[in-house]
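Peer 1: Position chain B against the provided structure of chain A, taking the given hints into account.
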Amino acid sequence: GDSVTQMEGPVTLSEEAFLTINCTYTATGYPSLFWYVQYPGEGLQLLLKATKADDKGSNKGFEATYRKETTSFHLEKGSVQVSDSAVYFCALGLGNNRLAFGKGNQVVVIP
Amino acid sequence: EAQVTQNPRYLITVTGKKLTVTCSQNMNHEYMSWYRQDPGLGLRQIYYSMNVEVTDKGDVPEGYKVSRKEKRNFPLILESPSPNQTSLYFCASSFDRGGSNTGELFFGEGSRLTVL
Chain A
1 GDSVTQMEGP VTLSEEAFLT INCTYTATGY PSLFWYVQYP GEGLQLLLKA
51 TKADDKGSNK GFEATYRKET TSFHLEKGSV QVSDSAVYFC ALGLGNNRLA
101 FGKGNQVVVI P
Chain B
1 EAQVTQNPRY LITVTGKKLT VTCSQNMNHE YMSWYRQDPG LGLRQIYYSM
51 NVEVTDKGDV PEGYKVSRKE KRNFPLILES PSPNQTSLYF CASSFDRGGS
101 NTGELFFGEG SRLTVL
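Chains as they are written, first to last, in the working numbering: chain A, 1 to 111; chain B, 1 to 116.
Looking at chain A on its own, in the form it has when it is part of the complex (with noise of 0.2 Å):
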């Protein structure tokens, strides 16, 4: 079935760093992709979105292109903050608002 694969294991990166954490998808069609971030004791909550191929979802300076031919959908930031310390999590749209999450990466951002 359609479903979304994380990279494996927590990134630890010092402030002011590249944050890249990959994920690719499994699916029959186009779906819309996610990443979704989880601060510490809080929800997830939705950080950006891409609905078709080639899109580019950014929010926060984070970023994540839609690409088709790769299955990909990585995420990124230019320049990370102690403050971006948090669970993030790909998901893809399996309709009817249902979603399926990756396993999550936890980023730990060092001062």
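No wet-lab data here; the hints were simulated from the structure. Take these hints with a grain of salt, some might be off.
[What the hints assert, rightly or not] Here are the computed lysine-lysine pairs in the DSSO-like style, where the Cα-Cα straight-line distance is at most 27 Å:
| id | chain 1 | residue 1 | chain 2 | residue 2 |
| --- | --- | --- | --- | --- |
| 1 | A | Lys103 | B | Lys65 |
| 2 | A | Lys56 | A | Lys103 |
| 3 | A | Lys103 | A | Lys52 |
| 4 | B | Lys17 | B | Lys57 |
| 5 | A | Lys56 | A | Lys77 |
| 6 | B | Lys57 | A | Lys103 |
Peer 2: Structure of chain B alone, referenced to chain A:
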């Protein structure tokens, strides 16, 4: 303030003791859903509801019940909790009617449940 409110936020209980986790949203959303989050497994959907009196199973419905008698409320019921239901639970809602596939969900802050 627009929000999804869950209660309780934390609960420790024992096997077999029925419990209910409440969820309420003040955004007039038609769609509501329950997820559980477990280490290494991400979020898995338990049940969802497209509208009042309409509920459907998600990916992991076993051991859970839900009801949707009012638009704003979507309680999760564990009739006979077991230790494998120890988890972090999230309620979510959306303004979309379904089929539009925008996937913009609003989440509650979570309810951490421990079943001994």
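Peer 1: All hints are to be evaluated individually against the structure, with a verdict given for each.
Peer 2: Right, here's what the structure says about each hint:
no.: 1; hint: Lys103(A) with Lys65(B); in the structure: 25 Å, holds
no.: 2; hint: Lys56(A) with Lys103(A); in the structure: 22 Å, holds
no.: 3; hint: Lys103(A) with Lys52(A); in the structure: 23 Å, holds
no.: 4; hint: Lys17(B) with Lys57(B); in the structure: 23 Å, holds
no.: 5; hint: Lys56(A) with Lys77(A); in the structure: 13 Å, holds
no.: 6; hint: Lys57(B) with Lys103(A); in the structure: 21 Å, holds
Checked against the numbered hints given earlier, this structure breaks none of them.
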